[in-house]
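Novice: Spelled out from the first residue to the last, the chains are:
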Amino acid sequence: MSDAAKALEPVFEPWKDPSQKPLIRFENVTKRFGDFTAIDDLTINIYEKEFFALLGPSGCGKTTMMRMLGGFETPTEGSITIDGQDMSAVPPNKRAVNMMFQSYALFPHLSVADNIAFGLKRDKLPADQIAARVEEMLSLVQLNKFASRKPHQISGGQRQRVALARSLAKAPKLLLLDEPLGALDKKLRQDTQFELMDIQETTGTTFVIVTHDQEEAMTVASRIAVMDHGKIVQVDTPAKIYEEPGNIYVADFIGDVNLIKGKVVKSGNDHASISWAEGQQDLTGIAHDEIPHGTEATLAIRPEKVTISTDRPEGVTNALSGTVLDIAYLGNMSTYVIEAANGTLIKAQAANTRRISRRAITWEQQVWLSFTDTAGVVLTS
Amino acid sequence: MRKLSWFNTLTLTLGFAFLYIPMLILILYSFNAGKLVTVWSGFSFKWYGELFQNEAFLSAAWVTLKVAVISSTFATILGTMAAYVMVRAGRFRGRTLFSGMIYAPLVMPEVITGLSLLLLFIAIGLDRGVLTIVLAHTTFSMCYVSVVVSSRLVTFDQSLEEAALDLGCTGFEAFRLVTLPIILPAVISGWLLAFTLSLDDLVIASFTSGPSSTTLPIKIFSAVRLGVTPEINALSTIMIGLVTIGVIGASLTTKRAIAKKQKDEREAI
Numbered sequence: 001m002s003d004a005a006k007a008l009e010p011v012f013e014p015w016k017d018p019s020q021k022p023l024i025r026f027e028n029v030t031k032r033f034g035d036f037t038a039i040d041d042l043t044i045n046i047y048e049k050e051f052f053a054l055l056g057p058s059g060c061g062k063t064t065m066m067r068m069l070g071g072f073e074t075p076t077e078g079s080i081t082i083d084g085q086d087m088s089a090v091p092p093n094k095r096a097v098n099m100m101f102q103s104y105a106l107f108p109h110l111s112v113a114d115n116i117a118f119g120l121k122r123d124k125l126p127a128d129q130i131a132a133r134v135e136e137m138l139s140l141v142q143l144n145k146f147a148s149r150k151p152h153q154i155s156g157g158q159r160q161r162v163a164l165a166r167s168l169a170k171a172p173k174l175l176l177l178d179e180p181l182g183a184l185d186k187k188l189r190q191d192t193q194f195e196l197m198d199i200q201e202t203t204g205t206t207f208v209i210v211t212h213d214q215e216e217a218m219t220v221a222s223r224i225a226v227m228d229h230g231k232i233v234q235v236d237t238p239a240k241i242y243e244e245p246g247n248i249y250v251a252d253f254i255g256d257v258n259l260i261k262g263k264v265v266k267s268g269n270d271h272a273s274i275s276w277a278e279g280q281q282d283l284t285g286i287a288h289d290e291i292p293h294g295t296e297a298t299l300a301i302r303p304e305k306v307t308i309s310t311d312r313p314e315g316v317t318n319a320l321s322g323t324v325l326d327i328a329y330l331g332n333m334s335t336y337v338i339e340a341a342n343g344t345l346i347k348a349q350a351a352n353t354r355r356i357s358r359r360a361i362t363w364e365q366q367v368w369l370s371f372t373d374t375a376g377v378v379l380t381s
Numbered sequence: 001m002r003k004l005s006w007f008n009t010l011t012l013t014l015g016f017a018f019l020y021i022p023m024l025i026l027i028l029y030s031f032n033a034g035k036l037v038t039v040w041s042g043f044s045f046k047w048y049g050e051l052f053q054n055e056a057f058l059s060a061a062w063v064t065l066k067v068a069v070i071s072s073t074f075a076t077i078l079g080t081m082a083a084y085v086m087v088r089a090g091r092f093r094g095r096t097l098f099s100g101m102i103y104a105p106l107v108m109p110e111v112i113t114g115l116s117l118l119l120l121f122i123a124i125g126l127d128r129g130v131l132t133i134v135l136a137h138t139t140f141s142m143c144y145v146s147v148v149v150s151s152r153l154v155t156f157d158q159s160l161e162e163a164a165l166d167l168g169c170t171g172f173e174a175f176r177l178v179t180l181p182i183i184l185p186a187v188i189s190g191w192l193l194a195f196t197l198s199l200d201d202l203v204i205a206s207f208t209s210g211p212s213s214t215t216l217p218i219k220i221f222s223a224v225r226l227g228v229t230p231e232i233n234a235l236s237t238i239m240i241g242l243v244t245i246g247v248i249g250a251s252l253t254t255k256r257a258i259a260k261k262q263k264d265e266r267e268a269i
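Just so you know, the protein sequences line up as chains E and A, in that order.
For the first sequence, the working numbering begins at 1 and goes up steadily by one.
For the second sequence, the working numbering begins at 1 and goes up steadily by one.
One should not assume that every hint holds.
Covered stretches of chain A (in silico footprint by chain E; criterion: 3 or more residues with CB under 8 Å from a CB of chain E, positions within the stretch not fixed) [as the list claims (entries may be wrong)]:
| hint | stretch |
| --- | --- |
| 1 | 69–80 |
| 2 | 156–163 |
| 3 | 178–192 |
These are calculated hints, taken from the structure and not from any lab test.
Just so it is clear, CB atoms sit at the ideal spot from N, CA and C, and this is done for glycine as well.
Next comes chain A alone, as it looks inside the complex (with noise of 0.2 Å):
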């Protein structure tokens, strides 16, 4: 291995520094046997205990699963449907305006669209709760799965789709037995991204939920104001716990299946 030279260590030691330290602050004081969050005081695992007998920490967690499942399936299955129709349909006329308005969504202020569903939902007299919250997460993030699922589609042998037909498929049947299994990684992972937006999702959760629907990222910003208490140290040092273990995990899985490929394609030849 080759030796970094003094200025690019600095570089990424300060680069990770950056990126890593109120993390590592914040995982730290999560075990502290004190109140206080600034001042240690002995390692114990007390707040942790605290934490599990916290009903409204609890059940706002549960919302916030029960969101994150729901909205991304669906937001999978509408962004899946919608990068499929925009790279097989290939040229008509307004195909531009519609593939921008698919990715508008991406770049629009949170707040924005928070709102304008906020104004919706009071229009057509839909009362807040987990069902507006579920529908706004889909609305958000089906963009990003259709933007996953696409790239993954452009290079899609088109003609295998074709051979499914030539031996019988219809185009339904051509899609679920060929089409979709050959893209579903693409699938898997744009259900993930949408599943991790849902999870962390603030600005858009607080203008579509309801007194009775509060979201994990709601009650730790609320709980916030008056105060940071270890307990949500320690709410927040097992997310980061559980998101390091999912993304560990997919891009293990990943670099297996590949480096199996890779060696099967050897012996192939």
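The following block holds chain E by itself, in its conformation from the complex (with noise of 0.2 Å):
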């Protein structure tokens, strides 16, 4: 990219600007429900404009923190600020905050206008300013032949759209959406989700959205934090959570990984490699810290950064050979199962290029898998 170009489109990543001062803080949030520990220790930076995803599986915590936020459920411990001011002893109805809820919760004895009009009303705004407003609103998730109906008698993408619209009416700092998509089927989920993008570009609230589908995480979060027991195991962007996840959960809960067990033998320059079997090669990945020789280690690597060949490839720096065990046809493109030494496991996927009836390679086969020393990573927890 040029320079020109760059200065056009600033990149967003406000987390890395020491001076931005982040719209929410947690600092140090402890939940307890009676034993139970929902939120352990927890301390993170939202900043303003975010589309913030919390991602985990069910039971992490990820709902609570999202439910405190909105002043459903105050910390056992620590403190939450927003814009500055403490938010322990304010009510729900008194945050600049507003969720949108997994059932939707939609008032059902109220129309599509009614529903979306319904936090202006709280307000006592003038009418004629909650009637704008209210068509503003509908045009925004294009709805406004609808706006008369009874949430009973529209779609569920529909009624997703008037929790959306009736969310954002009282344009709030702070947007929370809990498993927005969860009801939709895919192929509106997806429509969805790019509407959703749109629609919090266009506003610039600050969205944060809870949800335990990953694809969801990567397409519209800016940044993604992945939750387990109560705690955030990393914080980044899509792609390094993808690229460099920070430990072998994130890795194996993002997306499809090989993980290969194996003990550190060089370390440095932003590398570590591990030997992984006897009479191996040794294979080398990213390792940013310097990693003391005969650690126990994980190089976690995508099936996808895997080339699969019949003939041993030159110049590359991983290499390893084993036999076909399974092979996955996906249409676009093909999985491959390989055991390599040890009986260890190692998935490649390939791109189907040609027709399947040329397929160079099929079961019981010998064949070469290889990969770049930037493709893997070498994690040690």
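Fit chain to chain and form the complex, with the hints in mind.
Specialist: Pasting the structure below:
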């Protein structure tokens, strides 16, 4: 990219700029329900205009975190500040935060327009202002034709959009989305993801989304926090989380990954090599920190970064051989499962550039796998 | 439609006969021209005319109606509040005891409820009259309302209330603007239940009523002890008619609302 183009579109990375003040600050927040610790000493900053995703399996504490932002739960210890204001004593109706509920929580006795107007009426705005804002919101989600319908008279996808319009109507500083697309079918979900991103950009609102769907988080978010057992395991951009997971849990949770266990034999210069099986060539991947020799480590490598070939590849850092155990044909690509030394199973993905009948590789065949020294990461935890 | 076997036909006939023959006889003799309630002597509306001349019956009917409307309204307010708290409060120490105590009057013998109220009114020096009947009826019918409303509230999606709070409502506004309109059908049927309970209560009313405040059931009961007249048949027939119209009306409205909702949902897809 040229310098001029860079100046036109600055990269949105407020978390890298120490002069930026975070909109939301969790400081050593702990939340216990009886003996169960839902959130464990969590500290994190979320910045204005971010599309921040909380990602994790059910029970990891992501919903509790969101409910604390909405004011429906209070932290047992620690503090939450929004825009510099401590939130512990502020009830939900006094927060410049709105939430889109997983069940949409549309009021069944009110029409679509009245649902959207509900929050505005609580602010005692003049009737013409309310009407104008409702109209604006209806256009934003393209539901003008359905203004007088009741929630049970519209489809699931339309209900989802009404819920979004209702939560955006008061122009909150922060919008919370609790599994907003969970109830939609796959096709509609993908379309809506892009719509959500558009709306987030148009309105300039900070979005915090809770999801267990990693694809959804990758698509919409500017940053993802991967959570497990009440702790944030890693916070990073989708690309970083995918390409350079900080530990095995994240690598395994996001997408498909090969985990090759071994011992570190060489480290430094942003790389580390592990010896993983006797008589096999050492494997090298990225490791930003130096790792002491002999440490148990795991090389995590994505299947699509592994090249499969019938002959031994020339001039590559990492190469190993094995026999084809399984082939999964996915249409646009195929996944090959290769049994390497020690019975280690490694997946490799290749685009199907030729018709299936012309495929060179078949079951039980001896093949070579190779990848570059920046394709995988060496993880110690 | 499937044809019923002779056994099923017989069971059905016997069951309905058992339920409705007494009432049919009562209704039939209200149109009797003669004074005897067991001998048919021609069709006539005479007793209905007499009934509307009878001051004692009319004033008793007025008291009953007044008591029923006021007590069922209070019972609905208190019962709904009790149900709301019990469902929303979640788990707390003594919850089972409290919810048990709300429902205990359902199984308490009426004689005991009536007696204890009577003793209370005497102890605090409250003269028996319309007020004491209203208080007594509110007490025993609010637990029925509470049962009806809480069964609706347990299926109520709590995120609706949270959404209302989130959009700027106070707790009370959330209840008034969101919860109440949605549970309103249950609240109304609770009111209707309390109303009918009050309308036909004899035992508790006879403990708590005073000389100036005789309710219709008490009036009928004492009149019957002096001998049944076709006038009472006529009165009972009118009451049966009113209750039947009420019940059919209520069930028709509910059915129509459900049918409309289903139609709307089909059209939405």
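Novice: Next, verify each hint and record whether it holds.
Specialist: Hints, verified against the model:
Coverage of a stretch by a chain is defined here by at least three residues with a beta carbon nearer than 8 Å to that chain's beta carbons; for the stretch 69–80 of chain A and chain E the count is 0, and the condition is violated. Three residues within the 8 Å Cβ limit are the bar, and the stretch 156–163 of chain A against chain E gives 5, so the coverage statement holds. For the stretch 178–192 of chain A, the stated coverage by chain E holds: 3 residues have a C-beta nearer than 8 Å to a C-beta of that chain, and at least 3 were required.
Going down the numbered hints, you'll see the structure goes against just number 1.
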